[in-house]
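There are 2 protein chains.
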Amino acid sequence: MSALDPDLARRLKRNADGLVCAVVVEHTTSAVLMVAWMDDEALHRTLTTRRATYFSRSKGRLWVKGETSGHTQYVREVRLDCDADTLLVRVEQTGPACHTGTTTCFDTDERLLLADPADV
Amino acid sequence: MSALDPDLARRLKRNADGLVCAVVVEHTTSAVLMVAWMDDEALHRTLTTRRATYFSRSKGRLWVKGETSGHTQYVREVRLDCDADTLLVRVEQTGPACHTGTTTCFDTDERLLLADPADV
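Note that the protein sequences, when read in sequence, are chains A and B.
Position 31 of the first sequence, counted from 1, bears residue number 31 in UniProt numbering, the numbering being contiguous throughout.
Position 15 of the second sequence, counted from 1, bears residue number 15 in UniProt numbering, the numbering being contiguous throughout.
It should be emphasised that the hints constitute simulated quantities derived from the structure, not laboratory data.
Wrong hints could be hidden among the right ones.
The list cannot tell twin chains apart, which means a pair is met if one copy fits it or any two copies do.
[Unchecked claim] Below, in silico cross-link-like pairs of lysine to aspartate or glutamate (EDC-like), each with a Cα-Cα straight-line distance of 20 Å or less:
#	residue 1	residue 2
1	K59	D39
2	K59	D5
3	K13	D107
4	K59	D40
5	K59	E41
6	K13	D83
Since we're looking at a predicted model, the values are computed, not measured.
Construct the entire structure; sequences and hints are all you get.
Shown next as structure tokens:
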């Protein structure tokens, strides 16, 4: 049983695993850092501690972002989307957000579709 | 069977429903517009037509964003994340991205956590 505010808990639309998607954005640059998942308790802890806390689908438990790496996220704002199944989390990121050491999880060389020639 | 490039198809890590998460960002402002889902065929069509195409979990079929509203998305860039289970899609959005008529799906008054007093 989570301590999440009951009004908020009533509104959340969770997936079959009881999770909502969290899109994490760097507060100053607006760069999309990563996507993770929250259950009710992760959201409750994120809102009350301002330390971004997710539910790890691989580990099957809560994890505070940066708990081992030190690359924590201080949470500035959390918004719920129109469908109540996705959160937009604005954070101040300490160090790289990605476990591979890059600033964001999308900083691979891997662009599936390059920008238009007009952009270059 | 999708026509998606076999190398890319091999690398994608789909959820139990065969989908990957797509975070959609406005090309010029970097605002997060919405989150949607793609199966292989949706991704193939998005990459080859540059018209953002998703898999609707509620309708159980592909949908071209804006097919009824006219609020289409011209795709400028698609990136895959470090885990190969999430796409970052940069688009030029025509009209509001949200079916409620707002610019983004996160433009509710609903902030679960307000920004720090220091921000105001």
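The hints, checked one at a time:
1. K59 <-> D39: within (14 Å within a copy, 25 Å between copies)
2. K59 <-> D5: neither (25 Å within a copy, 31 Å between copies)
3. K13 <-> D107: Answer is between; shortest inter-copy Cα gap is 18 Å, intra-copy 30 Å.
4. K59 <-> D40: Only inside one copy: K59 and D40 sit 17 Å apart there, 27 Å across copies, limit 20 Å.
5. K59 <-> E41: Within one copy only: 16 Å inside, 30 Å across.
6. K13 <-> D83: So K13 and D83 pass the 20 Å test inside one copy only (7 Å; across, 24 Å).
Violation of the numbered hints given earlier is confined to hint 2; every other hint is satisfied by the structure.
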